[in-house]
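Chain residues, written in single-letter form:
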Amino acid sequence: MSEIVQSEPFVMNIGPQHPSTHGVFRVKATVDGERIIDAEMVIGYLHRSMEKLAEERTYTQNIPFTDRTDYLSSMSNNLGYCLAVEKLADIEVPERGQAIRVIMAELQRVASHCMGAGAFANDTGAWQTPIMWFMREREKILDIFEMTSGARLTCNYMRIGGVAFDLPESFEEEVRAFIPAMRQTIDDGEGLLSGNEIFIARARNVAVVPHEMAINASLSGPMLRGSGVAWDIRKADPYCGYEQYDFEIPIGYQGDAYDRFIIRIEEMRQSLKIVEQALDGLPGGPHSTEVPLALRPPAGEAYARIESPRGELGYYLVSDEGPSPYRFHIRPPSLINLTVLREMTVGGSIADAIVALGSIDIVVGEIDR
Amino acid sequence: MTLDLEHFLTVGALLFSLGLVIALSKRNAVGVLMGIELMLNAVNLTLIAFSRFGASEQPIAGHVFVSFVITVAAAEAAVALAMAVSIYRTRETVEVDQLDLLRL
Amino acid sequence: MDGAGVGIAFWALAFVTLGAAGGVMVSRNLLHAVLLLIVTFIGVAGFFVLLSAEFIAMAQIVIYVGAIAVLMLFAIVLTPRTIRDNSETAMVGPAILLGIALGTVFLFVIYDTEWAVVASDPALSAEDLGKALLSTWVLPFEIASVLLTAALVGAIMLVRTSEEEAEDDA
Amino acid sequence: MGPLVTDHWYDLRDLSNISREILEGIDKVAPSEVAYIVAPVLGFVAFFLIFVLPSQLIVGVYGERRIIGRMQARRGPNRVGPFGLLQPIADAIKLLQKEALTPKTADRAIMWAAPIFFVAPAVLLFATIPFGPRMIFADIPVALIYFIAISALPVLAAFMAGWGSNNKYSLYGAMRVVAMSVSYEVPLVLSLLAVVVFSSTMSLQGIVLFQADVNLWLVFMMPLAFLIYFISVSAELNRTPTDIAEAESEIVAGYLTEYSGMKWGLFYGMDIGYALAASAFAATVFLGGWSMWGLEEWVPPWMIFIAKTHLFYFVFIWTRGTLPRLRIDQLMAFAWKFLLPLAVFNLFLVSLERLLWVENDIGDGIVFAFAAGNLVASAAAAYLWARLLGYRPERIPTKPRLVREAGGYVPVEGQTGGGE
Numbered sequence: 001m002s003e004i005v006q007s008e009p010f011v012m013n014i015g016p017q018h019p020s021t022h023g024v025f026r027v028k029a030t031v032d033g034e035r036i037i038d039a040e041m042v043i044g045y046l047h048r049s050m051e052k053l054a055e056e057r058t059y060t061q062n063i064p065f066t067d068r069t070d071y072l073s074s075m076s077n078n079l080g081y082c083l084a085v086e087k088l089a090d091i092e093v094p095e096r097g098q099a100i101r102v103i104m105a106e107l108q109r110v111a112s113h114c115m116g117a118g119a120f121a122n123d124t125g126a127w128q129t130p131i132m133w134f135m136r137e138r139e140k141i142l143d144i145f146e147m148t149s150g151a152r153l154t155c156n157y158m159r160i161g162g163v164a165f166d167l168p169e170s171f172e173e174e175v176r177a178f179i180p181a182m183r184q185t186i187d188d189g190e191g192l193l194s195g196n197e198i199f200i201a202r203a204r205n206v207a208v209v210p211h212e213m214a215i216n217a218s219l220s221g222p223m224l225r226g227s228g229v230a231w232d233i234r235k236a237d238p239y240c241g242y243e244q245y246d247f248e249i250p251i252g253y254q255g256d257a258y259d260r261f262i263i264r265i266e267e268m269r270q271s272l273k274i275v276e277q278a279l280d281g282l283p284g285g286p287h288s289t290e291v292p293l294a295l296r297p298p299a300g301e302a303y304a305r306i307e308s309p310r311g312e313l314g315y316y317l318v319s320d321e322g323p324s325p326y327r328f329h330i331r332p333p334s335l336i337n338l339t340v341l342r343e344m345t346v347g348g349s350i351a352d353a354i355v356a357l358g359s360i361d362i363v364v365g366e367i368d369r
Numbered sequence: 001m002t003l004d005l006e007h008f009l010t011v012g013a014l015l016f017s018l019g020l021v022i023a024l025s026k027r028n029a030v031g032v033l034m035g036i037e038l039m040l041n042a043v044n045l046t047l048i049a050f051s052r053f054g055a056s057e058q059p060i061a062g063h064v065f066v067s068f069v070i071t072v073a074a075a076e077a078a079v080a081l082a083m084a085v086s087i088y089r090t091r092e093t094v095e096v097d098q099l100d101l102l103r104l
Numbered sequence: 001m002d003g004a005g006v007g008i009a010f011w012a013l014a015f016v017t018l019g020a021a022g023g024v025m026v027s028r029n030l031l032h033a034v035l036l037l038i039v040t041f042i043g044v045a046g047f048f049v050l051l052s053a054e055f056i057a058m059a060q061i062v063i064y065v066g067a068i069a070v071l072m073l074f075a076i077v078l079t080p081r082t083i084r085d086n087s088e089t090a091m092v093g094p095a096i097l098l099g100i101a102l103g104t105v106f107l108f109v110i111y112d113t114e115w116a117v118v119a120s121d122p123a124l125s126a127e128d129l130g131k132a133l134l135s136t137w138v139l140p141f142e143i144a145s146v147l148l149t150a151a152l153v154g155a156i157m158l159v160r161t162s163e164e165e166a167e168d169d170a
Numbered sequence: 001m002g003p004l005v006t007d008h009w010y011d012l013r014d015l016s017n018i019s020r021e022i023l024e025g026i027d028k029v030a031p032s033e034v035a036y037i038v039a040p041v042l043g044f045v046a047f048f049l050i051f052v053l054p055s056q057l058i059v060g061v062y063g064e065r066r067i068i069g070r071m072q073a074r075r076g077p078n079r080v081g082p083f084g085l086l087q088p089i090a091d092a093i094k095l096l097q098k099e100a101l102t103p104k105t106a107d108r109a110i111m112w113a114a115p116i117f118f119v120a121p122a123v124l125l126f127a128t129i130p131f132g133p134r135m136i137f138a139d140i141p142v143a144l145i146y147f148i149a150i151s152a153l154p155v156l157a158a159f160m161a162g163w164g165s166n167n168k169y170s171l172y173g174a175m176r177v178v179a180m181s182v183s184y185e186v187p188l189v190l191s192l193l194a195v196v197v198f199s200s201t202m203s204l205q206g207i208v209l210f211q212a213d214v215n216l217w218l219v220f221m222m223p224l225a226f227l228i229y230f231i232s233v234s235a236e237l238n239r240t241p242t243d244i245a246e247a248e249s250e251i252v253a254g255y256l257t258e259y260s261g262m263k264w265g266l267f268y269g270m271d272i273g274y275a276l277a278a279s280a281f282a283a284t285v286f287l288g289g290w291s292m293w294g295l296e297e298w299v300p301p302w303m304i305f306i307a308k309t310h311l312f313y314f315v316f317i318w319t320r321g322t323l324p325r326l327r328i329d330q331l332m333a334f335a336w337k338f339l340l341p342l343a344v345f346n347l348f349l350v351s352l353e354r355l356l357w358v359e360n361d362i363g364d365g366i367v368f369a370f371a372a373g374n375l376v377a378s379a380a381a382a383y384l385w386a387r388l389l390g391y392r393p394e395r396i397p398t399k400p401r402l403v404r405e406a407g408g409y410v411p412v413e414g415q416t417g418g419g420e
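For the protein sequence lines, the chains are E, R, W and C, in the order given. Going by the numbering used here, the first residue of the first sequence is number 1, and it counts up by one from there. Going by the numbering used here, the first residue of the second sequence is number 1, and it counts up by one from there. Going by the numbering used here, the first residue of the third sequence is number 1, and it counts up by one from there. Going by the numbering used here, the first residue of the fourth sequence is number 1, and it counts up by one from there.
For the record, the hints were derived by calculation from the structure and aren't laboratory data. Every value quoted in this text rests on a predicted model; they were computed, and no experiment measured them. Just so it is clear, CB atoms sit at the ideal spot from N, CA and C, and this is done for glycine as well. Take these hints with a grain of salt, some might be off.
Calculated Cβ distances over 12 Å to all of chain R for the following chain W residues [unchecked claim]:
#	residue
1	Gly93
2	Asp128
3	Glu167
4	Asp169
To give an idea of the interface, some chain C residues facing chain E are shown, with a C-beta separation under 7 Å as derived from the structure [said to hold, decoys possible]:
#	residue
5	Ile67
6	Gly69
7	Gln72
8	Lys168
9	Pro223
10	Thr322
11	Leu323
12	Pro324
13	Leu326
14	Gln330
15	Met332
16	Arg404
17	Gly407
Bound-form chain E, shown alone:
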C-alpha cells in the first residue's frame, strides 16, 4: 500500500519583517498545518561589526558602542564595560560612584522589563493595553536618565573609574516620586494578566525549558531562573557593592513562558527595593577617580560580567599596552538564550512559537552586535 501522504509541509518565513519578532530576526519554520516541524533561525541583519571597530578606538571612545548593542538597557552595558576596563587597569571606583551605578543599573532593569513584559503581553494577544501602561512608566525613567546623562536611550553616562557627572539636585526627589507610581503600575499589569485564565492558558506549559537543558545551554537571567535555577550574578559574583543591598531573586516552577513573565514582574519590584536602599544610603565624596584620557592598561586580559535584564552580560578585553584594546568581545545573553528556541518551538503551533520568542525577550542589537 503506498505510503500514506500527509498534507505536504511547506516552509513559512516568520520573516525579518514581522510584527512580533522583536526586531530584524527571522525564523524559517517548516510547517505542517499549524504544527511546526523544524525551525531554523536566521540572524545577522543588524550586524555592525562593533567588536572589530572597537579595536581602532581608545578605551573611552568605546563606551558609546556599548550603548548601542542592547539598546534597551544602555546603562547596564556601560557598567559592564567599565567594570572590565577597571579590572584590566586595576582602577578603584569611589563609594558614591558605585552607588550611582547601582541605582542607574536597577532603574534600567525596570525600564527594560517594562518593555519585555509589555511585548510578551502583546504576543499573547492582550493588544496594546499592558504595554501602554508599562510604556507610560518607562517614559518617566527615560526622563530621569535624560536629566542625569543627557540622553534617554543611549545614555553614555558611565566612565572608566566612575560616572560622567554627579547626580542633579532634583534627582532624588524625582526618583522618590516615581517609585510608588511604578509599583502601582506593576500591580495593575500583574492583576490584568497573571490571574487571567486566557493568559494562563496561552503561557502556562508553553515553551518549557527543563532545568538541565537551561544549565547545559548556559542560559542566564529570567530564562535560567524560570526553570528553577537560583542563579543571579548580583548574588553569585557581587560587583559595585551589591552585597550591601537586601533583595531576593525570583525563580519559577517549570521554566515555561508564564514563569518567565511573573519573574520579570517580580524582578521589577526587587529592583525598586534596591534603588530605595541605594538612595537612602547614598555616600558623599567624589563620583569618579581621575583617569588619563589615553589610558594604556598593562598587557593582559580581563573578563567582567554583570546581571543585565536579559542575563549574564560579559565583557572580555585583551590589552597589549596600546591605547586601544587588542581584543574586545561581548558575551550577549540574548544570543545564548536564543539557542534553545528550536527545542522550545518544534512540535508546537505557530502561536506558541511567537509566545516562546516573546518570553525569551531578545534584543536583536545584542544578538548581531
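Given the coordinates of chain E, work out where chains R, W and C should sit on it, guided by the hints.
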C-alpha cells in the same frame, strides 16, 4: 404575470438535468458531488412547488420531505467528502476515472 | 402569486440560479465552481421564499451554504493543487446528450399534464412544519437524527490518520 | 398598556408616522409604482440617519478608538473636527485615495468579489430587527433563523478573501476563520433555541412583545444563554479574545494581509457593522429590544433600543481592550467541550420550565421564580462543568518563589500541576 406550477417545475427540471450533466462529466470527485447536490436541490424545489400549488389534503408533506432530503444531503456530503479525502491520502488522486481498482 | 414584483423576482432568480449552475459546469477553476454553487443554493433559497416557504429557505441557507459548501471548500483545500482544475472526463459528450434528452422529457411532461392546481396559498408556517414533524412524521424524524450521528462518526473514522489513532490509544 | 403614541407626523416616538405621511403624499401625486420604490429608499435613509450614522460611525469607529484609548492611558483621536468626531470621515477619505493592490499571483476574481460578498450580508442583517412597535423593515415569522442564516455568509467571504490573496499568512487566516465559525455556530444556535422555546415565537417583534408583557428580560431568565451567545458571537465576529483570524502578532493580518485601500476599509467597516448587528440582535433578544418596562411610552422606543445596542457593543470594546487571545485548538476545545454541553443543559432547563408554565397555567409571576432558579442553576452548572474539565485555578501559582542566595537548581516541592 401570474406565476404558476409550470414555471417552477421548468426551473427544477433544468436544474436537475444540469446537475446530472455535471455529476456525469466531472473528473474530480468533488465536482461529481457538486452535481449530486444540484440534483437534490432541484428535487427540493419541485417538492416545495407541489406543496404550494398542488391540491392535496396535507400540503405540509412537501416541507417535511424537503427537510429530510436536506438532512440526508448533508450526511451524504459529509461521508462522500470524507471518502474523497481518505482516497486522496492513499492514492494521491481524486480523479474519478483513475479510481477503478477495487483493492488499494 | 401575482403582481409585477413577483414576476420580476422570479425571472431574476431563474436567471441567476441557472446561470450559476451553468457556471459550475463551465468554470475551469474548481474553487470558482464551488462559489458559483453557493450562488445557486442562494438562488434556490430565493425560490423557496417566492413559494412562501420561509423556514425551508432559511434552513437551506444555513445548511447548504453554511455547512455543505464549507465542507466542499475544506475538501478542496485538503486535496492540494494538483487536481484543482475542473476538467471533464471523456464521457462529457454522452453526458450532455443524456442531459438534454432527460430535460426535454421533463419539460414535455410538465407542459403536457393537467396539474390538479389549487390557486389559494396554503400559507404553511414553521409551526405547521414543527407540528407535522413531531406528530405524523415522528419516526422518520428520529431515524434522521440516528442517520446524522452515523454519518458524523463515519466521516470522522474515515479521515482519521494513523497518528491520531496512535494518540488516542496512548 | 394603551399606547400613548399618537398618529401625528410630528410625534417622533414612532418614525413610521412620518414615512406613512410621505408615502401617502406620493401616492396622491404619482402612480403606485413610485411609492413602491420610494418606500425602501425612505426606509434606508431613515435607518442610516438614526442607526448607521450614530452607531456605526460615531460609536463604532470613533467611540471604540477613544474608549480603548482611555483604557490604555492615552487619548483617542481628537484632532479631526470637534473632539475628533470627524475622524471616521477622515479615515474613509484616506482609505479611498489609497491604492487597492492586487498581487500578481492572486486569484483576481475571488479577491475582487470577497469584499462585496462581505458587505452585502452586513446590511441584510438589519432587515428583521425591530426598532419600535411599528418600525421594522420586515417582520417575517422566521426572523431568528434569518439572522443565523445571514451570519453564515461573511464566513465564506472571509475564506474567499484569504484564499484569493494566495499568501501563506492569509491562507492560515482563512482556514482559521472557517474552522472557528463552523464550530461556534452550534452553541450559538442552541442558546438561541432556548430563547425560541421560552418565548414560543421566532419573530423578533414577537420576542420583544413577549418580554414586554412578561416584564422580564430574557437575560435574567437565562443568563447562561446570554453568556454563550456573547462568547459565540465574539468568536463569529473574530473579535478579541477570539480574533485569531487576523491575529496581528501571529499571522500578520490573517486573511486581510493582501488587502489595502478601500477594500480593506470595507472589511474594517463591516467588521464594526457585524458587531453592531450582533449587539442589536442581542439587545432585541436578551435585553428586551425597544421595551423598557413602560418607559417606551414616553421615551422614543428606537432610542431605548439604540442605547441598549451601544451598551452591548461597549462590552465588545471592553473585552477587545483587555483580554489576550486564545490559540485555535484551545478555542475549538472550549467550543465543543464547554459551551456546547452548557447550551444543551440550558436548553433542557428552559424547556422544562416552559412546559411547567404552560401545562398548569400558573400566572406570569412564576417567571421571576424561574429566573432566580436559573441564575443559581446556571452558575452551578458552569462551575461544576469547568472543574470536571480539569480547571483548577488554585493549583497555578501566580507568584514566583523568592530565594535569598544564588545556588543551583531548587527543586519544586510537591506537584504543582499545569493549567487547563
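Consistency of the hints with the structure:
1. Gly93: Given a closest Cβ separation of 9 Å, the condition is violated.
2. Asp128: 5 Å, violated
3. Glu167: 17 Å, holds
4. Asp169: Nearest chain R Cβ is 19 Å from aspartate 169/W, so the label holds.
5. Ile67: Given a least distance of 12 Å, the restraint on isoleucine 67/C is violated.
6. Gly69: 9 Å, violated
7. Gln72: Given a least distance of 4 Å, the restraint on glutamine 72/C holds.
8. Lys168: 5 Å, holds
9. Pro223: With a minimum Cβ separation of about 19 Å from chain E (threshold 7 Å), the hint on proline 223/C is violated.
10. Thr322: At about 6 Å, which falls below the 7 Å cut-off, the nearest Cβ of chain E leaves the hint on threonine 322/C intact, so it holds.
11. Leu323: Nearest chain E Cβ about 6 Å off; hint holds.
12. Pro324: 4 Å, holds
13. Leu326: 6 Å, holds
14. Gln330: Result: holds, 6 Å to nearest chain E Cβ.
15. Met332: 11 Å, violated
16. Arg404: 6 Å, holds
17. Gly407: 5 Å, holds
Violated hints, in rising order: 1, 2, 5, 6, 9 and 15; the structure is consistent with all others.
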